[in-house]
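There are 2 protein chains.
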Amino acid sequence: MMHGGSIRGILLLGTLALSALIQSPSANAQTQRQLSLMPWPSSVQQGSGELRIDATFSVALTGHTEARLDHSVARFLKMLNRETAIPMFAKAPAAGGKATLTIHTDHASKEVQELGEDESYTLEVTADGAKLNAATPLGTMHGLQTFLQLVEPGVNGFDVPVVTIHDQPRFPWRGLMFDVGRHFIPLDVLRRNVDGMEAVKMNVFHWHLSENQGFRIESKKFPKLQELGSDGLYYTQDEVRDFIAYARERGIRVVPEFDMPGHSTAWFVGYPELASAPGPYQIERKWGVMDPAMDPTNEKTYKFLDEFIGEMAKVFPDHYFHVGGDEVNGKQWDGNQKIQEFKKTHNIKDNKELQAYFSQRVQQLVTKHGKAVVGWDEVFIPGVPKDIVIQSWRGQASLAEAASQGYRGILSNGYYIDLGWSAARHYAVDPMGGAAANLTPEQQKLILGGEATMWSEYVNAENMDSRVWPRSAAIAERLWSPQSVTDVASMYARMNAESARLELSGLTHRTYYRSMLQRIAGAASPDEFEALKTVADVVEPVKDYNREQMAPAEPTSLTPLNRVVDAVPLESDKAREFGELVDKFLASSCKDADAAARLRAQFIIWRDNDAKLLPLEQRSFLVKEIGQVSQNLSALGVAGLAALDYIAKGTAAPADWKASQTAAITQLQAPRAQLLLVPTGAVQKLVDAASAGGSCAK
Amino acid sequence: MMHGGSIRGILLLGTLALSALIQSPSANAQTQRQLSLMPWPSSVQQGSGELRIDATFSVALTGHTEARLDHSVARFLKMLNRETAIPMFAKAPAAGGKATLTIHTDHASKEVQELGEDESYTLEVTADGAKLNAATPLGTMHGLQTFLQLVEPGVNGFDVPVVTIHDQPRFPWRGLMFDVGRHFIPLDVLRRNVDGMEAVKMNVFHWHLSENQGFRIESKKFPKLQELGSDGLYYTQDEVRDFIAYARERGIRVVPEFDMPGHSTAWFVGYPELASAPGPYQIERKWGVMDPAMDPTNEKTYKFLDEFIGEMAKVFPDHYFHVGGDEVNGKQWDGNQKIQEFKKTHNIKDNKELQAYFSQRVQQLVTKHGKAVVGWDEVFIPGVPKDIVIQSWRGQASLAEAASQGYRGILSNGYYIDLGWSAARHYAVDPMGGAAANLTPEQQKLILGGEATMWSEYVNAENMDSRVWPRSAAIAERLWSPQSVTDVASMYARMNAESARLELSGLTHRTYYRSMLQRIAGAASPDEFEALKTVADVVEPVKDYNREQMAPAEPTSLTPLNRVVDAVPLESDKAREFGELVDKFLASSCKDADAAARLRAQFIIWRDNDAKLLPLEQRSFLVKEIGQVSQNLSALGVAGLAALDYIAKGTAAPADWKASQTAAITQLQAPRAQLLLVPTGAVQKLVDAASAGGSCAK
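First to last, the protein sequences are chains X and D.
Last residue of the first sequence: number 1388 in the numbering used here, and the count goes up by one each step with no gaps.
Last residue of the second sequence: number 1388 in the numbering used here, and the count goes up by one each step with no gaps.
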């Protein structure tokens, strides 16, 4: 069994030793393969030998049967074919023969997937065959994904190592929220993201369907919602039903969100009477918290919402119904005399209480239509019914506060994947961390899990996959695996392997990049293109909400997402690998000659790169924008070479050199074109090491 | 106007100078942009200035209207959006305003697209707007593609340079044949290839639908054809009709091919009575020329074919119907007593004459159903009707022979894109070359054009795009552009740009590569993956039919296409660029210090690469297979460094050194794992230059 304790215990052994050990508590560690499972299962016991995967591979389903299981096996075989390129034709075992993989599912899961169903499974692989056992189809589907993650090209062919896995999730709510309001995202993009969710065992697709910038689903009762509020970019109800079925086939619930009373300008284009100020309204193009909000004092608002929620409650079978509730600035309320009078009459002292009143009324409607409410922190008002679920953008303290009063919650603070954090940073966030750690066991059960949130100000169909993947796999592991699984180096190694598999499954989170760079480069020569890529490879968009503040012009939903900042991944693999190389070099007290040579080669490439990019910079406005970044990278190369020269000479660099280099690098750290030059920190480490008193100075 | 004469005239100026000049016969060459048009139009006159592309872009259609033109504009705007990422919403010009692009189409084209329709267009771009004029929608569609090729990121935004283009094709038949018999290719793959064909103005999709290995279309009259002959992998008639409509919307004719009397084993699985030897038959899994052939002496064969051709003639509206006719080895005929007697009775002296008899009968059936026959060289039999079209796998002499007797033909010899030739080699083949050059002008008109042929022994849905593109663009140019357009450096520069656009349009010819390498690498570290890629980047599959001969085990249609030889492109960009760098260095008499430094850096990477790949080689059988190739690449790096050292020292390398290096490099040139190490020739040049008597030896 692999336990987190053992992972932590070997943290000091360094990446290489660790990756060999992490999978292998048994004696013959060196002969065993690293398993690139993600999320890491609750128990893994590796044996010796392997099961060969070839064209005779077959599957048998026993126990409970249903069409969904057959489809799962068909998809499993399709993916097994993608992983191996081995033709997988007829899949029943030959007459009288034994199947390579025998699946036993004990009983059905609920007709409409519910929170907290049994998702456990056991997978036992021997050299002769494999057995997958699960209580329900949900566990079976998870086990099939685990099997797919075990397939590797081995010494004599594709195989799966001998292993016994017992697995179940830590949290029952493992979600990913897609904001299709700010930028419309077509269904094929969403479907391949659902495939990605299945691969990493996430189970809630949270569909943020309405925003100031767009209302994205067909209402038959109120057709002006989509007709006037979507630029024609919305999903029909038939498409939505198909999509829900698609998700269910993958063990994933679909929770719709209709954000109210704020974030609702798009509703008012067709139905201005819902708003707290007279219209007419236009679809909002700008980002941010806007004034328009529903009128919480008008009974017509609730009549409308009653019918609307009733309609949508029929489209979405899930028990949970998200009503948003975040970020109302109250300006329209303050400016409306009728609303002011209502507050006085009803003894409502401020807008927070007014929103609480609205929230309570909406919750009653949701309950009336047979659903339970999910909402952002703001919907948690003392006295609301206990069946609500609070989605916290504020953090664990907020969740803990709710749990201590008997309310359930899911964590999203720390999982905002639009903010550009590293996978490691998201990975370090635990729903049971902070204040939640002090809850009683009974209260802790109220913390259901978490959700990554893909807000889409700077995300569209082209780059969405890259904003979601592979970092969401790290969050998925946090929500599935034992709390003790925390080793970052192991996470990155496994995430890297999973990322490759996700690409095989159809996601474009890595392939989109070259295509977007090509648009930026135009008809560049191969050398120019390479020079552009050299810069792009080691920069990241500015983090958190800084992009908004550093925008060259006010961005809108119509601004083309065609700049370098839109093209580069939010976390640079190359920069991380470079940082690891620097750390390795420093850990050797600068004696690792191979690392030194590789660093030097890298610095020379950076130093010389700006001159190569220059001609393209002069032709393309999109390259010109990063001219300063390119110059900075060259300067960083020069600084790195100077540090290596001191280290090679064995002379400690003087204090004034260190001071001037440090000042220069600090300047290079300033964002340019909304981009951060990531390797500056690692080069600073070399400068420090080369200087008097530094670890590599003599 | 750009003329071939001027291209040839500046061939000696070197790549850089040339690429600046080729587009710009006018005075202000340095301020003008290189145009990456492909195929190059018959006349291009570039002006100064440019037309800005922004969100106000609009299109007006005048003259003849039809739905196909509206769809073309919609697709044009979609692609314009992909090229720029600028949202393109409503596209009519603002009320009273002038459209950015005004299109005038004079009249309709034929309801069923015919050979030789007017495909010409004129495109005039000024800083104020653009005008596209064409006689028919075919010309309009071509002009829209030309416009898309002109869009570039400019100094202040995306734009199109001021230019006037008059264009029409040199040949009316510009085809691409897809063999879906040997490996089934799904329709989505074919559709994106049709998009690629449209982009480079090809106009015939030749669908090779039946083979020994599979019968790929639904017959309602003879359903056992697809039921027993396809492994379930076939197109329904509805799908085929949709596909034909899809192609027509892009100005592309669809010509079906049913290969007979040979290459027909898959027919006999369901209908053994058609064959010349008793069954039963199985779907053939092996490659090559097989014995089974239809019985040309049995009237039931013709009755069957009459009904079958009649059925298919209704499915495919094109006037041309391909009946194959190639590669009958005659063994089944020789072994059949009844057939031998028939030959005697009918005074048929050999199997060639017997096939001619069959061919004549089939041609009568095709004619009866209102179609004209296309067939491989073998169908050209003295006395056949003049409306046949001969597709020549034999070459220009064969076409010239037919033309001299008044028969029409298209060239495929030299355009077999499965053979792994470079784009340059295909580009050098001209349908009017060789014996065809001596035809009279009247006879030359009988040479209708040519077809690239994508035979699919080693091609499947995953790597097909990469086998077709971008090299087919060079063939498309050969068939469209004036005969005088022949500069190879210009072709590669423009093909590279077109390749990037084809990727934006949805083709996977470049993105598939990393994905296939990842399968080979499994859960490799980033360094290991990079080492694998370093080898894969500079190898190519062995050429012509050598792959067959060097197979480790007899390949079949069920053999997984998962090896390095299946993953690497057929022409290595990196190796070509390396060769160009060596040439540049040598052209400077080895004085170009930047080139020397880049060569040295490359050789060091190669030299050190094998050690980095070794751990992966020990884990993955697919990497192990290229172990020797990897060692060879390292050896090549060592040889290159030694040559550079001599050159740097200014000492001529001794003769025995040259001899030993040459011998070593010759060994490195031997194929391994069916792969060629491409840069060996360029390194040999360095060795020669470094040696006594060499160009860089002192």
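Take these hints with a grain of salt, some might be off.
The list treats identical chains as interchangeable, and a pair is accepted whether it falls inside one copy or across any two copies.
Unchecked claim - Derived DSBU-like pairs: lysine-lysine, alpha-carbon spacing no greater than 30 Å straight-line:
#, residue 1, residue 2
1, K990, K1039
2, K768, K1223
3, K1042, K1314
4, K914, K1264
Calculated from the structure, these hints are not laboratory results.
Note that the structure is a prediction, hence the values are computed from the model and not measured.
What label fits K1042 with K1314 when the C-alpha limit is 30 Å: within, between, both, or neither?
Neither way: K1042 and K1314 sit 48 Å apart in one copy and 67 Å across, limit 30 Å.
Alpha-carbon proximity between K990 and K1039, which holds within one copy, between copies, both or neither at 30 Å
within (23 Å within a copy, 95 Å between copies)
Up to 30 Å between alpha-carbons, please classify K914 paired with K1264: within, between, both or neither.
neither (48 Å within a copy, 55 Å between copies)
At 30 Å max between alpha carbons, let me know whether K768 reaches K1223 within a copy, between copies, both or neither.
Intra 34 Å, inter 26 Å, cutoff 30 Å: inter-copy only.
The structure fails to meet hints 3 and 4 from the earlier list, while all remaining hints are met.
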